[in-house]
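Protein chains: 2
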Amino acid sequence: MRLKNPLIALLLISTALAGGCAQLGPDPLPSWNNTAAKHAITEFVRSTTDKSSPQFVPPAERIATFDQDGTLWVEHPMYSQMMYCLDRLGVLVKEKPELKNVEPFKSILAGGCPAMANLSPKDFETFLSATLTGMTTDEFQADVKQWLATAKDPRWRRPYTDLTYQPMQEVLRYLRANGYKTFIVTGGGQDFVRAYAEQIYGIPPEQVVGSMTNTAYGYGKDGKPVLTKEAKVLLNDVDGGKPEGIHMLIGRRPCASFGNTPGDRQMLEYAKAGAGARLTMLVLHDDAKREYAYGPAQGLPDSDVGTFPQALYDQATKNGWTVISMKNDWKSVFAWQKP
Amino acid sequence: MRLKNPLIALLLISTALAGGCAQLGPDPLPSWNNTAAKHAITEFVRSTTDKSSPQFVPPAERIATFDQDGTLWVEHPMYSQMMYCLDRLGVLVKEKPELKNVEPFKSILAGGCPAMANLSPKDFETFLSATLTGMTTDEFQADVKQWLATAKDPRWRRPYTDLTYQPMQEVLRYLRANGYKTFIVTGGGQDFVRAYAEQIYGIPPEQVVGSMTNTAYGYGKDGKPVLTKEAKVLLNDVDGGKPEGIHMLIGRRPCASFGNTPGDRQMLEYAKAGAGARLTMLVLHDDAKREYAYGPAQGLPDSDVGTFPQALYDQATKNGWTVISMKNDWKSVFAWQKP
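Chains B and E are the protein sequences, given in the same order. If you count by this note's numbering, then the first sequence holds residues 1 to 339, one letter each, in order. If you count by this note's numbering, then the second sequence holds residues 1 to 339, one letter each, in order.
Wrong hints could be hidden among the right ones.
With a Cα cut of at most 25 Å, we get these calculated DSS-like pairs of lysine-lysine [to be verified]: (1) E:Lys272 - E:Lys318; (2) B:Lys100 - B:Lys122; (3) E:Lys272 - B:Lys224; (4) B:Lys272 - E:Lys221; (5) E:Lys318 - B:Lys221; (6) B:Lys224 - E:Lys318; (7) B:Lys122 - E:Lys232; (8) E:Lys221 - B:Lys318.
Since the hints were derived computationally from the structure, they do not count as laboratory data.
Whenever a hint applies, use it, and build me the whole structure from the sequences.
Put into structure tokens, the structure is as follows:
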């Protein structure tokens, strides 16, 4: 179509950019196969952004929440934050060698990742507290950024920030192009995820909800104000903690919500219970070749980290949540991986 | 100027709307007198949004935080939330008449607002807990909205939502038009302020930081998920709690921050300590005719609620915070009040 009046052409472009309606033009989800999962996403966007639709949602109420580990990037065989904590323990031990002989540090230093999985909840808390508190928020952010710039995933020998799922990156961009505010709602540390979410997902710190402990306001040696990370738990952002965290930081019920483990169940229930069109999806890791396959729903052994038990699969079916099969619904998994 | 090419005109308008530079055209702050306070605001916006300025701030980092009671609307003689709690106690007593004879309710019912000021911290907490918890988040929001629709301020006989300061409304809109995200950071209840902030300030729930207690995820009688308001304090959003709350919910240091009492001191210190241009302002209530005058800095008696002691005035001078005189800097105070 060639429009005679350039003014009309410009106005049409402006309208499309304003995100008032579903995107026309190129496929917004090119890494998705043409299956029911993809259709559920595009149909949700169409029905909630088309002003003539009975399920139209005003832009201010367009909230979408995403679990992070296992939903937006790889969580197997161990959450990247745990790898950070392990490396951080190495640094701490150099500063205070006496820690080498103190439990639970002694066992962790000897056994690495597998030892972490066997810690009692109290010992695990001691480990997290030692590695994630005591510094200022600025120091912590700088340290995580530095670690991410050098640390590598053991399987692909790539930075962790390379391990985001290309199809989910497309969903984030597609929803934002249609007026949705995208939030991460993670069981991981809020400050940890904030250190990279803007760079790799385009999600600013104020749109990251995660597990958090308190900070204490005070003054540094130069007299300047600092916030020091302390150990009092304010939010354990898993299970019921996810909708609780959504209320704390967002204050609105999401219209769309994505997860991959039982820890996301309540978040999806909460999103689904709202009126109107809802998009609730679970990523199923059934692709051992391109990523991983784990969880009893696939008849596979349970994982130490994310898992997908039969009960979650059954609830998804009962509640009308869409299960995304990495193997069947995704044309490619990573941006750098050939389809 | 009359542009010959309508395309160029349209592009110019688009650029202005995109918030890339300070607004041209009509005065964005018409309720402000042409004094140093107004100049501080416009100069801050110019220097942080002009790409050629050494103090240019990228749009994603443009964060502005505002105290609510006494900074954006009237707080005298009593915070509106306390009036809500008092009315809510009346409802509770109708449901459970035995509360009439239980302290601290007995004293509050007998003495009204003045009695509240004399409560011990523990009794005050009991009062807040009784009136602000136990219902679902949806029920609470509906109840506050209903209360605001009928409750009236005793002096002006107007809804509380009419008592926002017109000059501050202009600052909110002016900053937003220049790419700033505006947040409320209030000592008041986060859920209470969220019930009206979007309607009266254009500030969505996810941009309201306030004092908060926990919620508990569960299921209602119909089996649907609900969040019930409980009494465990997660954030006391005054003093050092303000920067702590900013870190919890925003995760970035504000470039601009507005307050009016010693409870805002740490928030302004925190904002001011960042690099580059900073806008830190305190509203001084020195206008007994159009609003109120209170606080020892004006040689006036202290207030039960907001106050402005000499020490705060001295710190403002020392730290380079701008003090806004309602009397001298504001052409009008309320939208409905003749200048």
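* To do: Run the structure past the numbered hints and jot down the numbers of the failing ones, going up.
  => none
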